[in-house]
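Chemist: Produce the entire structure from the sequences given, and follow the hints as far as they go.
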Amino acid sequence: MEEHQHPAEEPSSPAGCAQCGFPVIEEGYPTPLCATCRKAFIRFPIPNGIKIFGGVILLILVFAMIKVPKSLSAGIHLARGRDAIDHARYATAEREFQQVVRQAPKYTEGEEYLAMASFYNGDLSTFFQTVEHLEGKNVENEDMYRELSRLIAKGPNYFPADSLFAIYTAYQKSFDSIPEPVYLAYMQKYPDELFPVMMYASVVFDKKQYVACDSLLDVILQRDEIYLPALLMKTSVKRERSQLDSAEQYGRRILALNSESAMGMSSLARTRLKGKRDKEGLDWAQKAVAANPDNVYAKATLAMAWHFNNERGKRDRLLDELKKDTAATDHTTYVVDVIEGREKFRD
Amino acid sequence: MFIPGILISIVTFPGVIVHELAHQLFCRWCKVPVFKVVYFQVENPVGYVLHEVPVNKWHSILISVGPFFINTIVGALIAFPAALPVFRFNDGSLPDYILIYLGVSIAMHAFPSTGDADAIWSHVRDRQTNLLVKIIGYPVVGLIYLGSLGSFFWLDVIYGVAIAIGLPNLVISLMA
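So the protein lines, in turn, are chains A and B. When you line the first sequence up against my numbering, it's residues 1 to 347, in that order. When you line the second sequence up against my numbering, it's residues 1001 to 1176, in that order.
Hints are computed from structural coordinates only; laboratory data are not their basis. Backbone N, C-alpha and C fix where the C-beta goes; we use that ideal spot for every residue, glycine too. One or more hints might be untrue.
Where chain B lies over chain A, by a calculated footprint (3+ residues, C-beta under 8 Å) [stated by the list, open to error]:
#1 44-50
#2 54-61
#3 66-77
#4 105-115
Below, computed lysine-lysine pairings styled on DSS-like, alpha-carbon distance capped at 27 Å [to be verified]:
#5 A:344 with A:279
#6 A:207 with A:189
#7 A:154 with A:137
#8 B:1031 with A:39
#9 A:39 with B:1057
#10 A:208 with A:323
#11 A:323 with A:279
#12 A:67 with A:39
#13 A:287 with A:344
#14 A:51 with B:1031
#15 A:287 with A:314
#16 A:276 with A:208
#17 A:314 with A:344
#18 A:51 with B:1036
#19 A:51 with B:1134
Modeler: Here it is in structure tokens:
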């Protein structure tokens, strides 16, 4: 596989073209050739078989080029997703791995990362769907296997067991309607379940029994230190108890788990607003909405931040938007109550 | 395990043909007469192009190293879309495996041969050759000889695999 250079003709060669003998040769070249023969050798024929081979290679090249954008896109999503996982940016990671799994459905590792990202991003429906899809597949990475097993074991904490669900059904399908004695009896009977403790803590919080709520949340967090609903409620309880440093600390814990948590950022925003650090509160609220523009808690927090920063127009426009969203009703009502003085948010 | 180079060349013959075709096309573009082309044969050398000594020294270098660029670029582009499905996503289809085979085959024959190096060497050592050609020519010859030496240690295969598999990953990490 090489090139050989034809040696120059000896001066003693007969005059004329070395190929056809034509007396007039082109000067200045090592091989004495007439113009016609030189041109012919320059265009040395390529055999048909090689032309066909070259054509096939060209066609394959075109075929490959057509496939490049899809492959490139999948690869970029994968690289961005892994980088986001490394930096605990789970909202980005979930978004990127959704794309990876869509483009490469047989890529088990992509599903593993998607499951992990969705859990830390609080998207439990995607987490359980993905875990179900992973069932029976071999998870080769041992660290990932351990992490997923740990997260899957936490799954039941987020849903009512059948026995609690029966009680929930009996009380107009509302956990808030279940009487306190029923909760207490249930928790005594099923001490391992975290979900009823969380629901009970929520009932106690609504009754403004913040000290009791705080203790219940401690019980939960001692058993599951990354239980997101409890961490979130902790930030609210600590705010209500005017323990702003502690509220800040729990908000930071949420962000340490997922640096893109809109809920974590919103909780920090509310803590700053409560401490009358309104500009900082507004900054965090804007970051929260930027991290997840669909998160109604984040939007409600931003409306509150606009209020305390005397941006009434922006506040009212956002509230008008929130009022149209039935999923935002509780959060909107709270903000409106704060604005109209029915709810005392800060001194 | 010792695998004769000729056997590797037989298995990866598309790369040899592309290499020789590239030599021939560079001769044509540089208007250098070609007297014989062997695109592939089952003996050493597995392919070669016999052409006139170029008058222009740059043309000599271009004809020698042209296939390096052609084989590298064609091999990389062909293997690019298949590298991720096959080696990362475990989702490769038959066409993907064909693309990988072709990409590696073509890229691993990118390295110029010692014959190519000899051709440049004879030009750069010529007293009449200008300094710039010598400055570029000597390192090129050195690298070609090194590459040729490295083929004993499968450097050509490693290069082919790196181009076909490593390059897509590098491009992706730069773009991500």
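Chemist: Next, verify each hint and record whether it holds.
Modeler: How the hints compare with the structure:
no.	hint	result
1	44-50	holds (count 4)
2	54-61	holds (count 4)
3	66-77	holds (count 8)
4	105-115	holds (count 5)
5	A:344 with A:279	holds, 20 Å
6	A:207 with A:189	holds, 24 Å
7	A:154 with A:137	holds, 20 Å
8	B:1031 with A:39	holds, 8 Å
9	A:39 with B:1057	holds, 20 Å
10	A:208 with A:323	holds, 25 Å
11	A:323 with A:279	holds, 25 Å
12	A:67 with A:39	violated, 40 Å
13	A:287 with A:344	holds, 25 Å
14	A:51 with B:1031	holds, 20 Å
15	A:287 with A:314	holds, 16 Å
16	A:276 with A:208	holds, 22 Å
17	A:314 with A:344	holds, 22 Å
18	A:51 with B:1036	holds, 16 Å
19	A:51 with B:1134	violated, 36 Å
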